[in-house]
Amino acid sequence: MSYEEKFKALSGLPAQPTVPPNCNYVLYKKIGNQLIISGNGPLNGGTIPGEFTGKLGKEVGQTAGYQAARLTAMNLLLVAQEALGTLDKVEQILSVDGFVNCTPEFNQQPAVINGCSDLLIEIFGDHGKHTRSAIGSVALAFDICVEIGMTLQFKH
Amino acid sequence: MSYEEKFKALSGLPAQPTVPPNCNYVLYKKIGNQLIISGNGPLNGGTIPGEFTGKLGKEVGQTAGYQAARLTAMNLLLVAQEALGTLDKVEQILSVDGFVNCTPEFNQQPAVINGCSDLLIEIFGDHGKHTRSAIGSVALAFDICVEIGMTLQFKH
Amino acid sequence: MSYEEKFKALSGLPAQPTVPPNCNYVLYKKIGNQLIISGNGPLNGGTIPGEFTGKLGKEVGQTAGYQAARLTAMNLLLVAQEALGTLDKVEQILSVDGFVNCTPEFNQQPAVINGCSDLLIEIFGDHGKHTRSAIGSVALAFDICVEIGMTLQFKH
Numbered sequence: 001m002s003y004e005e006k007f008k009a010l011s012g013l014p015a016q017p018t019v020p021p022n023c024n025y026v027l028y029k030k031i032g033n034q035l036i037i038s039g040n041g042p043l044n045g046g047t048i049p050g051e052f053t054g055k056l057g058k059e060v061g062q063t064a065g066y067q068a069a070r071l072t073a074m075n076l077l078l079v080a081q082e083a084l085g086t087l088d089k090v091e092q093i094l095s096v097d098g099f100v101n102c103t104p105e106f107n108q109q110p111a112v113i114n115g116c117s118d119l120l121i122e123i124f125g126d127h128g129k130h131t132r133s134a135i136g137s138v139a140l141a142f143d144i145c146v147e148i149g150m151t152l153q154f155k156h
Numbered sequence: 001m002s003y004e005e006k007f008k009a010l011s012g013l014p015a016q017p018t019v020p021p022n023c024n025y026v027l028y029k030k031i032g033n034q035l036i037i038s039g040n041g042p043l044n045g046g047t048i049p050g051e052f053t054g055k056l057g058k059e060v061g062q063t064a065g066y067q068a069a070r071l072t073a074m075n076l077l078l079v080a081q082e083a084l085g086t087l088d089k090v091e092q093i094l095s096v097d098g099f100v101n102c103t104p105e106f107n108q109q110p111a112v113i114n115g116c117s118d119l120l121i122e123i124f125g126d127h128g129k130h131t132r133s134a135i136g137s138v139a140l141a142f143d144i145c146v147e148i149g150m151t152l153q154f155k156h
Numbered sequence: 001m002s003y004e005e006k007f008k009a010l011s012g013l014p015a016q017p018t019v020p021p022n023c024n025y026v027l028y029k030k031i032g033n034q035l036i037i038s039g040n041g042p043l044n045g046g047t048i049p050g051e052f053t054g055k056l057g058k059e060v061g062q063t064a065g066y067q068a069a070r071l072t073a074m075n076l077l078l079v080a081q082e083a084l085g086t087l088d089k090v091e092q093i094l095s096v097d098g099f100v101n102c103t104p105e106f107n108q109q110p111a112v113i114n115g116c117s118d119l120l121i122e123i124f125g126d127h128g129k130h131t132r133s134a135i136g137s138v139a140l141a142f143d144i145c146v147e148i149g150m151t152l153q154f155k156h
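Protein chains in written order, with my numbering: chain A, 1 to 156; chain B, 1 to 156; chain C, 1 to 156.
Isolated chain A (complex conformation):
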């Protein structure tokens, strides 16, 4: 199956992400053969599923955090799809910048951001392997439990 076919076959694909109201930025920019994608959260269109708001180590368990990162990856790929026309133009994923909304005691950020990384490799195989940071954040916009930005290289 092509990247595009694998992506469309996923269960739980959310509605297309949009820039939140009153926010003055765009979801992606291109430079040369690089695509830069804004920090996204575990949204379904304009709504945040209740189980994905709050902090890891408090309201949000590690399994929910993983699912939130997986949902965020789907949003990142919906943006990439819109930017490129099709995911089949992805050459390789370059970097994933993951932030986990958490308590001072929580130290399993990588296990949470794996939800994003695993999906990328599920879709793109070796071309989905990426560099990564997984950082604890004291608070995130609208209480989302993860925010993840991404850059990738595409074929023209």
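Just so you know, the hints here were simulated from the structure itself, not pulled from any lab data. Mixed in with the good hints, there may be bad ones.
What the hints assert, rightly or not - Below, in silico cross-link-like pairs of lysine to aspartate or glutamate (EDC-like), each with a Cα-Cα straight-line distance of 16 Å or less: (1) B/Lys58 / C/Glu91; (2) C/Lys155 / C/Glu4; (3) B/Lys30 / C/Glu105; (4) A/Lys30 / B/Glu105; (5) C/Lys30 / A/Glu91; (6) C/Lys58 / A/Glu105; (7) C/Lys30 / A/Glu105; (8) A/Lys30 / B/Asp126; (9) A/Lys58 / A/Asp143; (10) B/Lys30 / C/Glu4; (11) B/Lys6 / B/Glu122; (12) A/Lys58 / B/Glu105.
Following the hints, put chains B and C in place on chain A, whose structure we already have.
Same frame as chain A, but now just chains B and C:
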């Protein structure tokens, strides 16, 4: 008006930013047609206006936070001006990495970082539109309430 | 001395860094003449020296934080060495993204990340000068006290 003229006409332009004493880095680097600018804060030359120190959700209100992000954007553009000779060489803003010093309860990071984003679009119009992250930080250097890094594409 | 010779002459070089078990990412990616390196911590191979776990402002003093950032820089350069074959292919360091695990009151993030910056300049001189951010993080993976990512330009 040109970008450069619009920028010079702004009220409240701060003094030229500098690397803090004993800090071993530079304000910008170029690679190809990209300019990378270090994380900057709401400074006026070497001094931090008192209303811009502290945390959102505690000492710093949302309006002051917005103004701090706007002042930070001015500093980023002063660095770009120094790097390029003139802001008229800006092709497009690529990305803005915003960090907001805040309490665990504060969840309006985007409204704060808008202070930076709005200024960029005020100066560069559609070419000022950028990707963005807006992340809560438990603490920032010298108690500044925001720190923002930026990358842009320039014309040679 | 060449970059490579200077690096090999350092005392306290750690064992080669590896991706932590169950983590689905890679230590570096190349695009064009750029090398992107994943967020690394103050590790010695797979182990974290006890003095480098915890938070600045609490368990970890500022001098230990500086040493942790220095050790992290060594890890970043071990990755670069593996990616490029030799550090002599480094053209210039571009950016350093530093995160400091700290209390809400700690405000000396730059003094900590200097441990990384100083080492880069010790090895590469003017070509080691880089842009930088130094951000407070509420928590980091496995309680490491710093996490630092890096990008650099290399010669083919």
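So, going through the hints one by one against the coordinates:
1. B/Lys58 / C/Glu91: At roughly 44 Å apart (the allowed maximum being 16 Å), C/Glu91 and B/Lys58 break the hint.
2. C/Lys155 / C/Glu4: holds (14 Å)
3. B/Lys30 / C/Glu105: Cα-Cα ~34 Å, so violated.
4. A/Lys30 / B/Glu105: violated (34 Å)
5. C/Lys30 / A/Glu91: This hinted pair holds, its Cα atoms lying about 12 Å apart.
6. C/Lys58 / A/Glu105: holds (13 Å)
7. C/Lys30 / A/Glu105: Given pair C/Lys30, A/Glu105 is violated - Cα atoms ~34 Å apart, limit 16 Å.
8. A/Lys30 / B/Asp126: Holds, because 14 Å separates the two Cα atoms, which is no more than 16 Å.
9. A/Lys58 / A/Asp143: With Cα atoms ~12 Å apart, A/Lys58 and A/Asp143 stay inside 16 Å; holds.
10. B/Lys30 / C/Glu4: violated (24 Å)
11. B/Lys6 / B/Glu122: Measuring from Cα to Cα gives roughly 8 Å; hence the hint holds.
12. A/Lys58 / B/Glu105: holds (13 Å)
Of the numbered hints given earlier, the model fails hints 1, 3, 4, 7, 10; all others are met.
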